[in-house]
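A.B. asks: Please model the entire structure based on the sequences and the hints provided.
Number of protein chains: 2
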Amino acid sequence: MFYRTRVSDAVIRRLPMYYRHLKELEKAGVEKISSKELGKKMKFTASQIRQDINCFGGFGQQGYGYHVSDLRKHIGDILGLERSYRVVIAGAGNIGGAVANYEGFIQEGFKVVAIFDKDPKVIGTQIHGLTVKNVSGLSAWLKDNTADIGVIAVPAGNAQAIADCMTKNGIKAIWNFAPVDLVLPENVFCNHVHLSDSLHILTYMMNEDQLFQRIEERNHGSDVRI
Amino acid sequence: MFYRTRVSDAVIRRLPMYYRHLKELEKAGVEKISSKELGKKMKFTASQIRQDINCFGGFGQQGYGYHVSDLRKHIGDILGLERSYRVVIAGAGNIGGAVANYEGFIQEGFKVVAIFDKDPKVIGTQIHGLTVKNVSGLSAWLKDNTADIGVIAVPAGNAQAIADCMTKNGIKAIWNFAPVDLVLPENVFCNHVHLSDSLHILTYMMNEDQLFQRIEERNHGSDVRI
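Chains A and B, in that order, give the protein sequences. Using my numbering, the first residue of the first sequence is number 22, and each one after it goes up by one. Using my numbering, the first residue of the second sequence is number 22, and each one after it goes up by one.
Keep in mind the hints are simulated off the structure, nothing from the lab. Note that the structure is predicted; figures quoted are calculated from it, not measured. Be aware that a few hints might be false.
The list treats identical chains as interchangeable, and a pair is accepted whether it falls inside one copy or across any two copies.
[As the list claims (entries may be wrong)] Below are the DSSO-like pairs computed for lysine-lysine, each with C-alpha atoms no more than 27 Å apart in a straight line:
id	residue 1	residue 2
1	K142	K154
2	K193	K57
3	K64	K189
4	K164	K44
5	K64	K193
6	K164	K48
7	K62	K193
8	K44	K57
9	K164	K193
10	K94	K132
11	K64	K132
12	K94	K61
13	K189	K62
C.D. replies: Laid out in structure tokens, this is it:
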């Protein structure tokens, strides 16, 4: 799903989880942790964790465990968090506002440098210390300024036009919240947040027992018929 | 990660994606699709798709392909979307507002029945036709009303208290947006949205080439030293 990556999706998906848990451990003052203990905390096996970390050339010493802050920094480097990113947001609604105001991002080197919207009632208002600009000026702004990541938080119908404008003006990475698959140039990276997927996983969990009860009843029923 | 599920995380994670793609196909008027075509669209193999669907007792006819709307309905049933859900939101900020206003949810049977906040400036305002209530009344409200899903969209420091209040008053499923791991009773399901994970996957993709260049240089360097 994460096209063109050298490492499997499953491993990539676990990296931010390691990062989060290690940050928590670091905050709690834990200095050292074994892969077994980290695995227990994260509900992974120790060998899974060692394998994942070894995808990136190995780290730590056999039988010694990991230095929490060193491993947190190592995973952060793998995730590209040792550098900073200039972020442009299109759409100053709930999602755009949530991204702009998310405090954790600032600590990690994500700097929101401009927010655009098309609603005259929203243009000119302040979000996180930035004045919301008219989206008609996005192209011109991107010609005069640099940005690393474009956040698309506009309605589905406007998302492709915003993506086109961003990528034509040098944006190489899109974080897309609009519920639509974007068509992007080959050299542009994109990660899509589907909030509904997360909600559907929750409803799956809520209903799994009844689901398998129905499946078993059906299977039993067909056995009887045979 | 999705504790206590009978089917692997990876399969569960793909179910909402199937649902989304099938909904799009249905909307586009496509009546039939082979697992090969669906696989191509979703960047999965045909056999992966057949295997995933077979986890739930099988569906469709060998060599015939799938009826798009039947399969969409089948996956929807697996995801528990054939029923409706009453949703209570704690936190009327950006995230709470985004959930309340997300139009797709309404079509799928999610009905936001109450929104709570603790900010006097926000209490009494309207979100999606609902008057934001004082969170001090959450417990009493839950005693008098039923809800299936509790959305936690409050700051990290308040999330556990809200979760406790919800679960003590009969909520069996929590959709948590607060950046904190909740301690919940065993019979409560929870799915956690970590927005930062998604952003970190994007930065990983942006930096992967340079990362492996560094790893190769390091490996080469150590060869030389040997």
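A.B. asks: Against each hint, give a clear statement of whether it holds in the structure.
C.D. replies: These are the hints, each one checked on the structure:
no. : hint          : result
1   : K142 <-> K154 : both (11 Å within a copy, 26 Å between copies)
2   : K193 <-> K57  : neither (38 Å within a copy, 31 Å between copies)
3   : K64 <-> K189  : between (43 Å within a copy, 26 Å between copies)
4   : K164 <-> K44  : neither (37 Å within a copy, 38 Å between copies)
5   : K64 <-> K193  : between (35 Å within a copy, 22 Å between copies)
6   : K164 <-> K48  : neither (41 Å within a copy, 37 Å between copies)
7   : K62 <-> K193  : between (36 Å within a copy, 23 Å between copies)
8   : K44 <-> K57   : within (17 Å within a copy, 42 Å between copies)
9   : K164 <-> K193 : within (14 Å within a copy, 51 Å between copies)
10  : K94 <-> K132  : within (20 Å within a copy, 42 Å between copies)
11  : K64 <-> K132  : neither (33 Å within a copy, 33 Å between copies)
12  : K94 <-> K61   : within (21 Å within a copy, 38 Å between copies)
13  : K189 <-> K62  : between (44 Å within a copy, 25 Å between copies)
Consistency with the previously given hints fails for numbers 2, 4, 6, 11, ordered from lowest to highest.
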